[in-house]
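Please work from the sequences and hints to get the whole structure.
So the protein lines, in turn, are chains A and B. Each step along the first sequence adds one to the number in my numbering, with nothing skipped, and position 367 is 367. Each step along the second sequence adds one to the number in my numbering, with nothing skipped, and position 83 is 83.
Please note that the accuracy of each hint is not assured.
[Said to hold, decoys possible] Per the computed footprint, the stretches of chain B lying under chain A, defined by three or more beta-carbons under 8 Å from a beta-carbon of chain A, are:
| # | stretch |
| --- | --- |
| 1 | 9-23 |
| 2 | 35-47 |
| 3 | 54-62 |
[Said to hold, decoys possible] Every beta carbon over 10 Å from chain A, so not counted as near; a handful from chain B, in silico:
| # | residue |
| --- | --- |
| 4 | VAL5 |
| 5 | SER32 |
| 6 | GLU50 |
| 7 | HIS51 |
| 8 | ARG67 |
| 9 | ASP80 |
| 10 | ALA83 |
[What the hints assert, rightly or not] SDA-like mimics (lysine to any residue), calculated; alpha carbons at most 25 Å apart, straight line:
| # | chain 1 | residue 1 | chain 2 | residue 2 |
| --- | --- | --- | --- | --- |
| 11 | A | LYS12 | B | THR12 |
| 12 | A | LYS12 | B | VAL16 |
| 13 | A | LYS12 | B | PRO79 |
| 14 | A | LYS12 | B | GLY18 |
Calculated from the structure, these hints are not laboratory results. The C-beta atom is built at its ideal place from N, Cα and C for all residues, glycine as well.
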Amino acid sequence: MSGVRVLVGTRKGAFVLTSDGKRERWDIRGPHFAGWEIYHLKGSPADPNRLYASQSTGWFGQLIQRSNDGGNTWEPVGNQFVYDGVPGTHQWYDGTPHPWEFARVWHLEPSLTDPDTVYAGVEDAALFRSIDGGQTWQEIPGLRRHESAPSWQPGAGGMCLHTILLDPSDPGRIFIAISSAGAFRTDDAGKTWRPINRGLVSEGIPDPTAEVGHCVHRIAMHRSRPGVLFMQKHWDVMRSDDAGESWQEVSGNLPTDFGFPIDVHAHEPDTIYVVPIKNDSEHYPPEGKLRVYRSRTGGHEWEALTKGLPQRDCYVNVLRDAMTVDSLDPCGVYFGTTGGQVYVSADAGDNWAPIVRDLPAVLSVEVQTLS
Amino acid sequence: MIRVVLPAHLRTLARVDGEVELEVEGPVTQRSVLDALEARYPMLRGTIREHVTQQRRPFVRFFACERDLSHEPPDAPLPDVVATGAEPFLVVGAMAGG
Numbered sequence: 001m002s003g004v005r006v007l008v009g010t011r012k013g014a015f016v017l018t019s020d021g022k023r024e025r026w027d028i029r030g031p032h033f034a035g036w037e038i039y040h041l042k043g044s045p046a047d048p049n050r051l052y053a054s055q056s057t058g059w060f061g062q063l064i065q066r067s068n069d070g071g072n073t074w075e076p077v078g079n080q081f082v083y084d085g086v087p088g089t090h091q092w093y094d095g096t097p098h099p100w101e102f103a104r105v106w107h108l109e110p111s112l113t114d115p116d117t118v119y120a121g122v123e124d125a126a127l128f129r130s131i132d133g134g135q136t137w138q139e140i141p142g143l144r145r146h147e148s149a150p151s152w153q154p155g156a157g158g159m160c161l162h163t164i165l166l167d168p169s170d171p172g173r174i175f176i177a178i179s180s181a182g183a184f185r186t187d188d189a190g191k192t193w194r195p196i197n198r199g200l201v202s203e204g205i206p207d208p209t210a211e212v213g214h215c216v217h218r219i220a221m222h223r224s225r226p227g228v229l230f231m232q233k234h235w236d237v238m239r240s241d242d243a244g245e246s247w248q249e250v251s252g253n254l255p256t257d258f259g260f261p262i263d264v265h266a267h268e269p270d271t272i273y274v275v276p277i278k279n280d281s282e283h284y285p286p287e288g289k290l291r292v293y294r295s296r297t298g299g300h301e302w303e304a305l306t307k308g309l310p311q312r313d314c315y316v317n318v319l320r321d322a323m324t325v326d327s328l329d330p331c332g333v334y335f336g337t338t339g340g341q342v343y344v345s346a347d348a349g350d351n352w353a354p355i356v357r358d359l360p361a362v363l364s365v366e367v368q369t370l371s
Numbered sequence: 001m002i003r004v005v006l007p008a009h010l011r012t013l014a015r016v017d018g019e020v021e022l023e024v025e026g027p028v029t030q031r032s033v034l035d036a037l038e039a040r041y042p043m044l045r046g047t048i049r050e051h052v053t054q055q056r057r058p059f060v061r062f063f064a065c066e067r068d069l070s071h072e073p074p075d076a077p078l079p080d081v082v083a084t085g086a087e088p089f090l091v092v093g094a095m096a097g098g
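Okay, structure coming up:
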């Protein structure tokens, strides 16, 4: 019997939600790591019982937790993230040089093939990797040695590396995104990187078409077609058909093209989901209506998905790591809100229902499809 | 025997209840107490002091004998009553955040 395990990171702990393939009745466990911020947790595609979690507070810093039994028990593993060599500086908010300082792990991306290999995207922006199940971490320094790095600046949430996409067809190719430096790609397993931001236009930076400096919020791909990328930028929903070499805007008829998450249907590579947010100073849905928008055409043409979602007086946000899809048929779509709700649609977005309504603010949602 | 009181989050992390009792070789200082604490409970490394600089994390304080010792040099001797175990060494998460 198939089922799903939803991994939810919140401001005050982690929760594990499980259901069978119908995705109607849910078992809710947690909080794990009660009182700590759980920016992200994710399972290994190579071993679904192996989970990693990023646990932090402003008081006691960063911890990484690992589970070998699907989230029933956890153990702290290595939490030492040291930049390679002399860290140097990036730009601070006021444009002055600022030393690279580790703050936290935003995103953990387990290897597609090895449960003991996992990547970590951190603030201040850098990419780390562990090949021993999280016990030790080494920076992949080529990214931060890119010639543009001294000019990178933080976004409002800090200078975070928040997106890591591993190309299933090419072990050497990784896409990452940084707020607010933009998107980068390596084709040699991290030795060298280059910005992939051609086509992005950001009015909030001195040169709107600059090679770097764009506030990319999220990138998504379908594993069957890794050369096609979808991006939710600060403003604008974008698409690339050439692995990021160039981007075209596909915002189309969205009511607003500001937002944070973006994801792709598990079985339809041209079906994508976003959650429009009013604007960059009012982080809640337009008109107080929580609406997921779906495009079945890879962008441009969007439909509002509202059944089961609050259509009045709703002023929550959906953060960049807080939407995901399972691989059941029909495809399940999940997202969590800053109001503590986690919603599921078991029919690709047509109908929605809350799994839970009153968690702490949700920072991330991932799902594992279990057989 | 040195007695150390940890804040709730770190007690949970270290899986201890109540005070921690430590044997410390040589002079009893902040550094030697924290070294012994981290040797016994490796999961606490990086949570009280930064890994590389070994500096106290900004929102962590060290109290003993109703005094704030947070700004004392890490190699300064702790009070005799802490060294003898008559008084505990308190690791405190600062009240902050409203």
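Hint check against the structure, violated hint numbers in rising order: 6, 7 and 13
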